[in-house]
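Quick mapping for you: the protein sequence lines, in order, are chains A and B.
Note that my numbering has the first sequence beginning at 1, numbered continuously upward.
Note that my numbering has the second sequence beginning at 1, numbered continuously upward.
Careful, some of the hints might be misleading.
Stated by the list, open to error - If we take Cβ atoms under 8 angstroms as the criterion, some of the chain B residues that face chain A in the derived model are:
id : residue
1  : 56
2  : 190
3  : 200
4  : 201
5  : 203
6  : 208
7  : 211
8  : 212
9  : 214
10 : 215
11 : 220
12 : 235
13 : 291
14 : 292
15 : 298
16 : 302
Just so you know, these hints were derived from the structure itself, not from any lab.
Quick reminder that beta carbons are idealized off the backbone N, C-alpha and C, glycines included.
Number of protein chains: 2
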Amino acid sequence: MKIAIAGSGALGSRFGYMLHQAGNDVILIDKWKEHINNVRTKGLIVEDGEDKHVVQIPIYYPNEVRDQVDIVFMFTKSMGLGEMLEDIQPILGPHTSVISLLNGIGHEDVLKNYLPLENIFMGVTILTSGLAGPGHVAFSGAGLTEIQNFVHGEEQEKIARNIVQVMNEAGINTNYSTDVKFSIWRKACVNGAMNATCALLDCNLAEFEATAQAETVIRHIVREFVKVAKEKDTLLDEDEMVQYILESARKVGSHHPSMHQDLMQNHRPTEVDFLNGAVARMSEGFGFDAPYNRLITQLIHAKEEILSVH
Amino acid sequence: MKIAIAGSGALGSRFGYMLHQAGNDVILIDKWKEHINNVRTKGLIVEDGEDKHVVQIPIYYPNEVRDQVDIVFMFTKSMGLGEMLEDIQPILGPHTSVISLLNGIGHEDVLKNYLPLENIFMGVTILTSGLAGPGHVAFSGAGLTEIQNFVHGEEQEKIARNIVQVMNEAGINTNYSTDVKFSIWRKACVNGAMNATCALLDCNLAEFEATAQAETVIRHIVREFVKVAKEKDTLLDEDEMVQYILESARKVGSHHPSMHQDLMQNHRPTEVDFLNGAVARMSEGFGFDAPYNRLITQLIHAKEEILSVH
Chain A
1 MKIAIAGSGA LGSRFGYMLH QAGNDVILID KWKEHINNVR TKGLIVEDGE DKHVVQIPIY
61 YPNEVRDQVD IVFMFTKSMG LGEMLEDIQP ILGPHTSVIS LLNGIGHEDV LKNYLPLENI
121 FMGVTILTSG LAGPGHVAFS GAGLTEIQNF VHGEEQEKIA RNIVQVMNEA GINTNYSTDV
181 KFSIWRKACV NGAMNATCAL LDCNLAEFEA TAQAETVIRH IVREFVKVAK EKDTLLDEDE
241 MVQYILESAR KVGSHHPSMH QDLMQNHRPT EVDFLNGAVA RMSEGFGFDA PYNRLITQLI
301 HAKEEILSVH
Chain B
1 MKIAIAGSGA LGSRFGYMLH QAGNDVILID KWKEHINNVR TKGLIVEDGE DKHVVQIPIY
61 YPNEVRDQVD IVFMFTKSMG LGEMLEDIQP ILGPHTSVIS LLNGIGHEDV LKNYLPLENI
121 FMGVTILTSG LAGPGHVAFS GAGLTEIQNF VHGEEQEKIA RNIVQVMNEA GINTNYSTDV
181 KFSIWRKACV NGAMNATCAL LDCNLAEFEA TAQAETVIRH IVREFVKVAK EKDTLLDEDE
241 MVQYILESAR KVGSHHPSMH QDLMQNHRPT EVDFLNGAVA RMSEGFGFDA PYNRLITQLI
301 HAKEEILSVH
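One chain only, chain A, in its complex shape:
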């Protein structure tokens, strides 16, 4: 299979490496100069536990790619999705399957502007990975990836199941999902309840969870997620979500969520518009208000401006 990884950071490089090792014709696409230079001159360095590998995989800037591929895995930041799709138009043929594995909700609204609906496949992964430096990826957590065709139908499902097979053959533990929207919303709800709050309060998951306020704040945020998800035909259970989020925070403990890393540690723009911001935006379309997610979003954007991350 000809496969492109659009956004070859920590997780994209992990997918790219595994698909390449399985014999696919993989290209990496990214914008980070040092990363690209290192992969080109020294190869991609991959650390998987005790093992260390160096592999040569072609890597390109988005505006350099030319040849149509069979599958594209999208691994950009949410804010960069549209621009990436714009740039990589030359590799998108009439039968190229594009799989969105981005965090958050509302990405289909961006994908639709660049692709025929039948070419869109939505996914969610709990695999994680880290970058030890430019050109140097270190695998971390294992876990399941789920994907599903965006347009229902036998033909579409067949394509999705074929992609699932390609992924499993590469050692990426993947299921065909009959309701990937549920998994996407569920993951977004967990992130929406914890990421922005920990970023605003400048604390880790366990520190926030330990406050007397945590359960109520989380419940307010979750309730609005549940309400909007329902309008999108996705049923989340408020109580179950709140308990799951509190338990996860206790377990994961001292981890600072990615939005905290982006905002407070690296002063980068956050993905809040595809988590809390998406709920606030979508609620308007359904004729109700989501004040908790709206205020959280606004405070995060204000903090981004104060730290001048733009």
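Since the structure of chain A is provided, determine the placement of chain B on it from the hints.
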């Protein structure tokens, strides 16, 4: 007049000093040991612009006071109001006027538990003052103080006007207000829109005002203040408040509001329950919700816990 200053920090000391210089029989009441020791051994040091004075004014711990006074000015932090009133019961006679000059709203609900309604006088001041150290007060901004009787009636108004006269004779520029509740709500609304947000975002007034989010966030908070104030028969104008708050923030510029000082700089508990928290609490009683003020309050309390200010 026999006058007690209950809470003799920066502003209380300023009032106490001025009333003492005008010939009143003033006692200071406070709980801060170093402050009390310094005032007792070295006198109260007062800096007023270029002038520096040292005066001997009696100062007591709350549980040391014994003799009934004519007037008590309450200058505690909001959270300390009830405890102070409990402690100073011996100085409160049947005709002792108690003037609340605390920031925020909802203090009457505390005062009512300790005093006959006719003895309560509500006030608001824009005078400011700073502490250069224990026993050492430095006057800063000048400005008007307003007071009014809590219970309506000729007799009550007469007492309030008499207090106004005592204050003006001491050089404290004071008006008898026919609607002090309006001034109190107005000031609380300004503080409610800016203080907690600047504390949460760890920024000064101008930094917050300069963000693209400021006006919307301020409007959401103000709208709930306006709605609750209306139920309390106090009419604030949303647009006028929002414009006034934005202009003030631009003017005052690099000032960090008191809640930022309490929370972020000194890791002390904040007065949020008597600003945003009061609006959230009161809205429930009136059968509606105030989610913006509620979430702001909860995030401030969470941050207090994370910084372990209690």
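Practice item. Report holds or violated for the interface hint on residue 292/B, using the least CB-CB distance to chain A and a cut-off of 8 angstroms. Key: Since the shortest Cβ distance to chain A is 5 angstroms, the answer is holds.
**Study point:** Hint check: 8 angstroms Cβ-Cβ cutoff, residue 298/B to chain A
**Key:** 4 angstroms, holds
Check your understanding: Can the hint on residue 201/B be confirmed by a CB-to-CB distance to chain A that is less than 8 angstroms?
Key -> Interface hint status for residue 201/B: holds (5 angstroms vs cutoff 8 angstroms).
Exercise for review: Report holds or violated for the interface hint on residue 190/B, using the least CB-CB distance to chain A and a cut-off of 8 angstroms.
Suggested key: 18 angstroms, violated
Check your understanding: Taking the closest Cβ pair, is residue 302/B under 8 angstroms from chain A?
Key -> At about 4 angstroms, which falls below the 8 angstroms cut-off, the nearest Cβ of chain A leaves the hint on residue 302/B intact, so it holds.
Review point. Under the criterion of a CB-CB separation shorter than 8 angstroms, is residue 200/B in contact with chain A as hinted?
Key: It holds, given that the least Cβ distance between residue 200/B and chain A is near 6 angstroms, below 8 angstroms.
Exercise for review: Have a go at the residue 203/B hint: is there a Cβ in chain A nearer than 8 angstroms to its own Cβ?
Suggested key: Hint on residue 203/B: holds, closest Cβ of chain A at ~5 angstroms, below 8 angstroms.
Practice item. Would you check whether residue 220/B satisfies its interface hint, that is, whether its CB is within less than 8 angstroms of any CB in chain A? Key: 7 angstroms, holds
Check your understanding: Would the stated hint for residue 208/B survive a check requiring a Cβ distance to chain A of less than 8 angstroms?
Key -> 7 angstroms, holds
Check your understanding: Once the shortest beta carbon distance from residue 291/B to chain A is found, is it less than 8 angstroms?
Key -> Constraint on residue 291/B satisfied, holds at 4 angstroms.
Review point. Given residue 215/B as an interface hint, is the shortest Cβ-Cβ distance to chain A below 8 angstroms?
Key: 10 angstroms, violated
Check your understanding: Any CB of chain A closer than 8 angstroms to the CB of residue 211/B?
Key -> Check passed: Cβ of residue 211/B comes within 4 angstroms of chain A, closer than 8 angstroms.
This entry does not satisfy hints 1, 2, 10 and 12, going by the numbered hints stated previously.
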